[in-house]
Amino acid sequence: MPERSGRRGRLAAAGAFSLALIALVVAMPAFRPGLHQLFPELREPIYARASFVTLTIAHLQLVAIATGFAAAAGIAIGIAVTREAGRAFAPLARTVGTIGQTFPPVAVLALAVPLLGYGSAPTLAALSIYAALPVLEATLSGLGAVPADARDAAKGLGFSAWTMLWVIELPLAWPLMLTGLRNATIINVGTATIGSSVGALSLGSPILEGLSASNPAFVIEGAVVVALLAITIDRWFDVLEDMTPVI
Amino acid sequence: MIQIDHVSKTFAGTQALADCTLTIDDGAFFVLIGPSGCGKSTLLRTINGLIAPDTGTIRVRGKDIATEDPERLRQSIGYVIQSVGLFPHWTVAANIAAVPQLMRWDKGKIARRVDEIVALLRIDPALLPRYPHQLSGGQRQRIGVARALAAGPDLILMDEPFSALDPVSRVELQAEMRRVHAESKTTIVMVTHDVGEALSLATTLAIMRAGRIIQIGTPAAVVGAPADDFVAQFLGGPERFLHLLDVLSVGAAMSAEPPSGAMPRIATSASLRAALSLMMAEGAQALAVGDGDGASVGTLRLDAIVAASHA
Amino acid sequence: MSALLSALATPDARRLAIRNPVLLLLCVVATIALVAAGFLSTAPNRLADGVSLPLWQAPPALAVLVAACLGGLGCLAIRDARMSDWAALGLAAGLAVALLLTASFFAKTLIVAGHPAQRQALGPAFWIAFGVAGFAMLDAMQRLALGFPARAACLFLLLGLFAGLASAGTFDALSLTREFVSHRTLFVTALLRHIALVGAALVVSILVCAPLIAVVRRGGRTRAAIYSVLSLLQTIPSIALFGLLIAPLTFLAGHVPLLRSLGVSGLGVTPALIALVLYFAFPLVRMTDAAFSAVPTEVADAARGLGFGVRKRFVAVDLPLALPVLLSGLRVVTLQAIGLATVAALIGGGGLGTFIFEGIGEYALDLVLVGAIPVILLALAADFAFRLVLAAVETPR
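Residue numbers (our numbering), protein chains in the order written: chain A, 144 to 390; chain B, 726 to 1036; chain C, 949 to 1345.
Simulated from the structure, these hints should not be mistaken for lab results. In this text, all values refer to a predicted model and were calculated from it rather than measured experimentally. Just to be clear, a hint being listed does not mean it is correct.
[To be verified] Some, not all, of what chain A presents toward chain C, calculated at C-beta under 10 Å: (1) Pro248; (2) Ile272; (3) Ile350.
Every residue gets a Cβ at the ideal spot worked out from N, C-alpha and C, and that includes glycine.
Build the full structure now, drawing on both the sequences and the hints.
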């Protein structure tokens, strides 16, 4: 079956990228001699303020926590404004979703600084708020795409509002919601990188330090690891999408 | 089974139901018919509480539904709609098992019940693992009916269930419903705008117009004595009697007199329409009526057909 | 009398009917913010921690004006009045103006002579209430079902008022204004640089993507390969892509004199432009592909059947039908570009991001706003412009 082999291929790709990422992060110090040769003028060719293992974990933590908040908020608001009681708020939620997404993420990060100061807090807040928007939009369009006749039939057969949400509406909306979550996560990986400019520890730290100290080796190390991280996460979303039944 | 008492409903200034009162007996095949927008679907949807009336009461099995838990009530009533509304992410088997699942039957009981329903409605078991989008329109509505019957309700509501189907599937499913009704004695309330379908399925017919019930009666009674010109016109004008011939059987109109030798033969169970058609084809004024074994049991004359449609 | 009694007895009248729960929620949020959070903060200089001042310490007349607008909106949310939504629109606009005036005059009263480094910054309460005013206006416009021209008229009216107040020196006491004024010439350069970067990236990517689109439209294996490479590029964080381009470009500029004389270098505009083009390839190719795939085959067939030539068919049928999808694709790309060009400041690409990162680095928070607010306004303006064009070319279907 070609479908199954495609799935296995995507799972293998996700696994291979993960292994490559782990290997690169753990073995970073081993690249010292090579980098030394490539950039003989640098005294320190490997970013040393924090190990790449620490940086990667910190980066993943930022992304995971922020995406978790964003998913919870986006999905909860999306569900709330599509219920009978919250329907009045639906147009506003939709408008906030579209207008908010025209804001560049870096501008949102910058706005968080005057309000929350420096460090991980503004990064986390900006990431959470900004990433909630694509999740909200995807939840709204996913729930909106649930066929009206399936709702009518479910209600007529005696489904309670909760059961209908849980076994009919959310499963049908899930593929679109997953796309929203994927976008949110990828945006967060990128914005968390810039977050190091406001003092959050992330894989952006070697890049920014390398840029300000004219150390191209730092820049390359950070850039390669974070690019690999982003691609790896993206591949895992492929696998997650495969696990969602296609109707 | 159902008592509807002075029920009215207004939607955004338009009166959908105006003081409707009617009683539906246990085991009836009750058909609500009328032009589109007459309120027949609204009336149907008040019975399982999908629409709450502004005034009036509805009793199902003797209990006022306003005092009942709406979800329990709906689980106890089968529901079939024109657009079917199968759950697209569930297999056919899961769709059929929807209400038993809601009622938390155990797995073995659900599986046995699905098998029973599949046999009852002659569903190809190969369809069970498929998804709704892989079925034809007729197959889908057959599954829709199966889903409504799955928990063994004593009452089924059907909102124009066969209107969107091709003629072949429609006739098949009508026959299926007639059989299910005859075998199970389930009370069925159906809404339709198709006069032929209404007359051929109903034991009792209610005609609605502009939110009011104009006339209630057996198909023969309503066709024979329409309450007003609107009813007569809606049922097809003078041609309405032809619809009746579909419903009446040869057995109901024949006489016991032994047939003379050369008459064409027809079965007792055949419809009067088939009998009339045979008379026209053979140029005969009378037919010999035979039972299943080929023995003659009586004679059917043309004037008896005319008389039967006025009974 | 009896009519009144029976009216009171109906369930609708007995229950307190909330006319507009959205507006009510917004008013509650603004009220909480104005009561609990600082409206303005004042500090002797940039580095010192500011003292946060609440709204009620502002000049009373202005504070009352803000409270009156908010109270009026609250009443409109609960009770039904004639022309409620128009009134809400007016009051929300009034609230926005009142907030601006209050902040400005409040700041003026705080100025201490002989302290030029003193800084009066807008506090969270101001921003939240200002945002509420914006959302309340949006909500009123939605309830009134105002069309695009009416909304644009409202927007321009307010912008005109804002520009008038600004040129009259109303906002001069605010540190945001001071920061803006002291960077005025740099600001214009940065803004133009930002727009130029976005524009150049768009033009170059359209030129680069045209052959790619031709290949993709032909289908087959290459199509899948192109798509998978381009979508991979999309996931890479912008700053990482910039960073990855620095070393190879530095190497090229160092070893190919021609490139160096063309101005290619590892830092600055070159990597920014290349990275932007790499990012745009995917949305541009995919949207164009989708746009032309969306032309109904029966329409294309009919055109051929009527004797349209290839070129005529493209100009008269395919292009007009594909244009709306193409434009919405360009809209997405442009908005993304405005954000990416901001990040390009980190590698010396210039643009409005310069103020943001300089401000962050020097702890000059108002300077951050001098960069961030125009970036957002630029994105909103681009969005607005695209919607305007889209509304004009959209064919009824």
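Evaluated hints:
no.	hint	in the structure
1	Pro248	holds (6 Å)
2	Ile272	violated (12 Å)
3	Ile350	holds (5 Å)
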